[in-house]
Every structure is written in structure tokens, then in C-alpha cells.
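Just so you know, the protein sequences line up as chains A and B, in that order. By this note's numbering, the letter at position 245 of the first sequence is numbered 245, and the numbering carries on one by one without gaps. By this note's numbering, the letter at position 333 of the second sequence is numbered 333, and the numbering carries on one by one without gaps.
These are calculated hints, taken from the structure and not from any lab test. Be aware that a few hints might be false.
[Unchecked claim] So the derived label-pair ranges between C-beta atoms look like this:
| # | chain 1 | residue 1 | chain 2 | residue 2 | range |
| --- | --- | --- | --- | --- | --- |
| 1 | B | His93 | A | Glu194 | 58 to 66 Å |
| 2 | B | Glu16 | A | Lys159 | 49 to 57 Å |
| 3 | A | Tyr99 | B | His93 | 31 to 39 Å |
| 4 | A | Lys107 | B | Ala160 | 27 to 35 Å |
| 5 | B | Gly25 | A | Gly161 | 31 to 39 Å |
| 6 | A | Ser299 | B | Gly300 | 58 to 66 Å |
Glycine included, every Cβ here is placed at the ideal spot set by N, Cα and C.
Number of protein chains: 2
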Amino acid sequence: MKAAYYKEKGKFEVGESEIIAPKEGQVRLNVAYCGVCGSDVHIYHGVMDARVKAPQVIGHEASATVAEVGPGVTNVKPGDRVVIRPLHFGAPHSFDNGYTHVGKNLKFIGIDSSGAFQGSWTVPSYTLHKIPDSLSLKHGALIEPLAVACHDVSVGRVKAGENAVVIGGGPIGVLIAFVLREKGANVIISEVNETRLAMLKEFGFQTINPIKEDLVARVSELTNETMAHVAFEVSGSQPGVDAMTKVLNVRGRIVMVAIHGGEPKKVDLFKFFWQEIELLGARLYEEKDFEEAIKLASSGNIPLDAIITKEDSLENIQGVFEEIDRNPIGMKYLINCQ
Amino acid sequence: MKAAYYKEKGKFEVGESEIIAPKEGQVRLNVAYCGVCGSDVHIYHGVMDARVKAPQVIGHEASATVAEVGPGVTNVKPGDRVVIRPLHFGAPHSFDNGYTHVGKNLKFIGIDSSGAFQGSWTVPSYTLHKIPDSLSLKHGALIEPLAVACHDVSVGRVKAGENAVVIGGGPIGVLIAFVLREKGANVIISEVNETRLAMLKEFGFQTINPIKEDLVARVSELTNETMAHVAFEVSGSQPGVDAMTKVLNVRGRIVMVAIHGGEPKKVDLFKFFWQEIELLGARLYEEKDFEEAIKLASSGNIPLDAIITKEDSLENIQGVFEEIDRNPIGMKYLINCQ
Numbered sequence: 001m002k003a004a005y006y007k008e009k010g011k012f013e014v015g016e017s018e019i020i021a022p023k024e025g026q027v028r029l030n031v032a033y034c035g036v037c038g039s040d041v042h043i044y045h046g047v048m049d050a051r052v053k054a055p056q057v058i059g060h061e062a063s064a065t066v067a068e069v070g071p072g073v074t075n076v077k078p079g080d081r082v083v084i085r086p087l088h089f090g091a092p093h094s095f096d097n098g099y100t101h102v103g104k105n106l107k108f109i110g111i112d113s114s115g116a117f118q119g120s121w122t123v124p125s126y127t128l129h130k131i132p133d134s135l136s137l138k139h140g141a142l143i144e145p146l147a148v149a150c151h152d153v154s155v156g157r158v159k160a161g162e163n164a165v166v167i168g169g170g171p172i173g174v175l176i177a178f179v180l181r182e183k184g185a186n187v188i189i190s191e192v193n194e195t196r197l198a199m200l201k202e203f204g205f206q207t208i209n210p211i212k213e214d215l216v217a218r219v220s221e222l223t224n225e226t227m228a229h230v231a232f233e234v235s236g237s238q239p240g241v242d243a244m245t246k247v248l249n250v251r252g253r254i255v256m257v258a259i260h261g262g263e264p265k266k267v268d269l270f271k272f273f274w275q276e277i278e279l280l281g282a283r284l285y286e287e288k289d290f291e292e293a294i295k296l297a298s299s300g301n302i303p304l305d306a307i308i309t310k311e312d313s314l315e316n317i318q319g320v321f322e323e324i325d326r327n328p329i330g331m332k333y334l335i336n337c338q
Numbered sequence: 001m002k003a004a005y006y007k008e009k010g011k012f013e014v015g016e017s018e019i020i021a022p023k024e025g026q027v028r029l030n031v032a033y034c035g036v037c038g039s040d041v042h043i044y045h046g047v048m049d050a051r052v053k054a055p056q057v058i059g060h061e062a063s064a065t066v067a068e069v070g071p072g073v074t075n076v077k078p079g080d081r082v083v084i085r086p087l088h089f090g091a092p093h094s095f096d097n098g099y100t101h102v103g104k105n106l107k108f109i110g111i112d113s114s115g116a117f118q119g120s121w122t123v124p125s126y127t128l129h130k131i132p133d134s135l136s137l138k139h140g141a142l143i144e145p146l147a148v149a150c151h152d153v154s155v156g157r158v159k160a161g162e163n164a165v166v167i168g169g170g171p172i173g174v175l176i177a178f179v180l181r182e183k184g185a186n187v188i189i190s191e192v193n194e195t196r197l198a199m200l201k202e203f204g205f206q207t208i209n210p211i212k213e214d215l216v217a218r219v220s221e222l223t224n225e226t227m228a229h230v231a232f233e234v235s236g237s238q239p240g241v242d243a244m245t246k247v248l249n250v251r252g253r254i255v256m257v258a259i260h261g262g263e264p265k266k267v268d269l270f271k272f273f274w275q276e277i278e279l280l281g282a283r284l285y286e287e288k289d290f291e292e293a294i295k296l297a298s299s300g301n302i303p304l305d306a307i308i309t310k311e312d313s314l315e316n317i318q319g320v321f322e323e324i325d326r327n328p329i330g331m332k333y334l335i336n337c338q
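Take these sequences, add in the hints, and give me the full structure.
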């Protein structure tokens, strides 16, 4: 079985997958598909070399079949079809407040340790969620990003009938929009790219291009002056941060999904005081988010095929990452690891 | 009975209080004491002239005795001792989400209409809360700012045993600290002024001067590495905003108490994502906050006398405001309106 090793900035090398016999509490998987995450692209760009120990197999948006189980494993058996929640919890810390998924000693499998762009992968059994027959292994590889979206919507405490504005219609933004629609929210997406906007409209979403239209006026119009109960900042940009405080009504919630690295952004804190709005950070997912994502994906209500830009083989991983760099508006690329 | 009219920037004029017979649903009060709020000082500085229609009586932190009631008033009777929640609710708006206290049509009594720096004051009966005999009229004038503190702590969802950092130890900061202590929180106050720090220490609070000490290291030390579950940004400054995201643990809450006008401040949004922290805007108070403030103040557990910097007569209101400008670290000034 093959494995794709990240070697150095801009370079993968395909070699053999190391077959690691599962120890106590571990499971060896035959990986089926693994999606390419934005963080994989960051690693490929060399900006996470301090954290990734090259040569290393990366990747974490995976579906798989159980090959063999180690001693003491009871939650899965060989042949089970599974997805992986790639979080390795360290020792609990008082700092964590019980939220181990963002805890002080959390390690991320596929970044801090060997990942899923390979045929054989050995992981802790507690990371595994079984998937039903109605969910294909290909769609299974979308469960991890869909669980991110479920977590974001859960943090935002979204209720049916609420107006929700998603700022940024990329892969995570569109998954958030799908989850919001399933929750019964009135969804509006703000996106600047016309190709993406066309796709979002095809999915049936109300869209705004804030470069061409007055975002606040349009949100007011689309919500009958009620404005948004909740906004999702997924753009990672200063204009997105400027917009997030403007589209809300009183006690509105903003979910901070984007990773705002670099210099701190300017935020209209007066608006927080004046309208008692909330900013809620959201990262990764908890166990329940994975279960919800599996349920939603299995329902068939979310057009998952439509957000798969391309599927390619493990042997061609270098070409896939090069194509992603040339196509910044692509949605989800899947690697077939079988 | 006398009244103090705000005339123009830097100038009050003392004249006669207009005796307005209460109409349906109104109550005429004999005002006892009225505290000076930061917003009264802003008005005195002329920065709110667009909103205040000079000559106008201002002031809203009042205690009073009911003089006469208009038709249909059943909640109070002449002779009752009361405090006033100075919010005039307009028509409900879908934008308000049911939170009328920060609603679109809210008017603030004492800013948008005649206030309490006068002997006779006529207000809607629904603004009144009766106070028990155990609470003096002087302490009654502190209920409004104490209700602000109760609201802030309520928005922060503070539980007994939690670590709370208050950034800024002025009048509102110290009231928040008192309420936090009553809730059973472990309170730490960050303040830069040494005179205020000495007073806060006398009240028994743990204090940090972030100019002289490493704030984050000290919070870690005082919380046994747990860091804060909740922080209150009361400083209104960029260093306060920088500090608020640094003192928290995972899923920590920040309550935005300060009014950050002017240019948007720089905020470390990455930290919101990484630790799933929350920023919660808090403004004014709801009915329950006034009831809680009355209960707390009546308990005698809060040393309210110690935060009264000075009491003076209505005739000398000009001198009081001039003194406040010379003494930026003063806490609460009371005007005796009797």
C-alpha cells in the first residue's frame, strides 16, 4: 500500500505505507478516501514545518475500513466502515474547563503525528465513528469538514426561523450554510467571487456580493428589517470582520470560524456594548458534532457530490496540490488512498 | 424646589424645579439623591449636545419618595421610597429580539428627556422599584450603577468558584468586583492607578498593576495556572483590550462593559478561534438586575459608603462637576436634591 510523504515546502514523495500492528486500544485502518484541508495546503506551503516532522504522512479528513483491532478494542471490528475524529487528547488540564477538544494538551492527528494520505493507518480506537451503509466512503471523507460546520452552528445556538449570514462562501462556509438550512434557518451568504456565487445560487441560497452591493441594506431587505440573529465569519479578512458586527440585530451572535493569524484585526467593540452582541469562538468539533454530521450526510439532504471539485489517486497527490494552488476557488479535493 | 439645568458645555444653572402633575400611568417624585454618572460628565463636556436639549435637567442615578400618583398607577403610593430604572421603552421592533432594554426605540430618561438633578420629577410608573427600609435613600442612589454591575455579571454567567479578572478598577469596575465576590467568585482586579489600587486592596481584593507587573504571569500565579473563567473589560483602553484575551482559559468569557467609541480597537481574533472564547456585550440593565441590586445593597455586604467620594447640594452642582474634572480617580459623587 502506498503513502504520500510531505518532504519539504512544495514537495510530496510517494512511497510505501508503513503497516503498524495495532497496540492496546489501537485500530489499523485501510484508508479509503482523504480530503485535502486548508491546513494540508499550509503544510505543503512549508509554513508549518516547525510542527510537522518531515518526511511525514499528513491528511486527516478520512474514511476507512477497519483492517485489524488491538487488544481491548470493543467499539469497532474488522470490516467496519468508519470515519476518524483526528484528535489525540493529552492529560486533562485545569485550564481546559473540560473542553478537551481545544485543550492545552491536544495533539492533532495528521499534523502532529502520522496522517491519512496512505493505505494503512493506525489510530486510537476512540477516534473512530462507524458510518451507516447509506453513506458512501467517498462522502465519508467529507464528514470531518461537515463536523466543523455542525460545531460552528452548534456554538452559534441557531434556532429554526432565524436569519443567518455566512461571510465567505468557501468549502467551510458552504457546509455551514447547508447545516443552517437543515436547522431551518433563513440563510444568506456573502461572497466576493462570482463563480462561487453562481454555485451558491444553484444550491438555492440567497447571496450577496458585498463588493457590488450594499451588504447591510441587502441583509435588511432580505430579512424584512429584522437583520441577522447570527453571523459566521469565515472569510478571515478585515472586510469580513467589519461586516460581521454590521449585519446583526440586538443580542445577535457572531461565530468566529476563520483563523485570523498575523496582526490583530480592528473590531467595532462599541457595537458589542450598544446592541449586546456576542462573539463566539469555534474550533474543530466534539464527539456529538461528528455524530450529527454523519446523520446529516446520511440523510441525503446535502448535495455533497456538488462540492467535490475533483477526486484523484494517491500517486498523483503532488499534482493535486499544485492544481489547488492554481485554483483558489476550488471546493473539496479528495485523494483515493485505496 | 430647585433644579440644575445643563445650559451649555461646562455650565449648569440652578433654577426652579417644574412641578408636573402626573398623567395616567405617571408618578411625581420628590427626588432624594442623584449620583453623577460618567455620561453626565460627558454631557457637561458638551459632547452629547446633539442628544441633550439644553437647557435640560439631566441625571438618572436617583432615589426618591413618591409625592403623588397619576390615574391607573397601582405599583406605588405616596410616601413609598423608590429608585428609578431610567428606561423609556418605545414601540417593540423585530430588530430587538425581545431585549427592549437595548432596543431600537429605547429612550434614556435623564439624557433624552428631563432627569433627576431636581427636587420634583415626574416619570412613568413602570420605571419604579420600591426599596426596603433597610436601604437608605443615599445608598438608593447607588442602585442604578450597582444594577449595571449585576447585569454585567449576569451576562458573564459567573458561577461560584470561578476566577474573574476585572480590567479597570473605577466606579463600575469596583461594583462589578463586589457583585462577583457576592457570587462566590475569586476576584482579581487589574488597575493602573496606585491610589485606586490601595482602596481596592482595602476592600480585600487581589490586585495587579499591569504597568509594574506581568499581568498574565500574575493571573496564572493567583489562579494556580487555571487562568480566568471570565474577564470584564471596563478600562475602555487598547491595553485593556489586549489583556482581555490573554487572561482567559479555554471557553473563557469576556464581558464588554466599556464604551469603546472612536476608532475600532485591535482584537486578537485568533485567540477566539483557538480557545473558543466568547465576547459578550453588556449595556444597562433589565428589571431583574434592579431587583438583584436592591437585594445586594440591602444585605449590607457591600461597603457602599466607601465608594461615595463626596455628597454635595444641588446648589453646588457646578462645583461638583468642576471637582470631578480635577479628580479623575474619584469614585461616586452624590447630589442631595432634597
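Consistency of the hints with the structure:
For the pair B/His93 and A/Glu194, the beta carbons lie near 35 Å from each other, so the given range of 58 to 66 Å is not met. In this structure the hint that B/Glu16 and A/Lys159 lie 49 to 57 Å apart at CB holds, the actual value being about 54 Å. Checked against the hint of 31 to 39 Å, the pair A/Tyr99 and B/His93 passes, with Cβ atoms roughly 36 Å apart. A C-beta distance of roughly 33 Å is found between A/Lys107 and B/Ala160, which places it inside the suggested range of 27 to 35 Å.
Taken as a hint, the range 31 to 39 Å holds for the pair B/Gly25 and A/Gly161, whose Cβ atoms sit roughly 34 Å apart. Between A/Ser299 and B/Gly300 the beta carbon distance is about 59 Å. The supplied range of 58 to 66 Å therefore holds.
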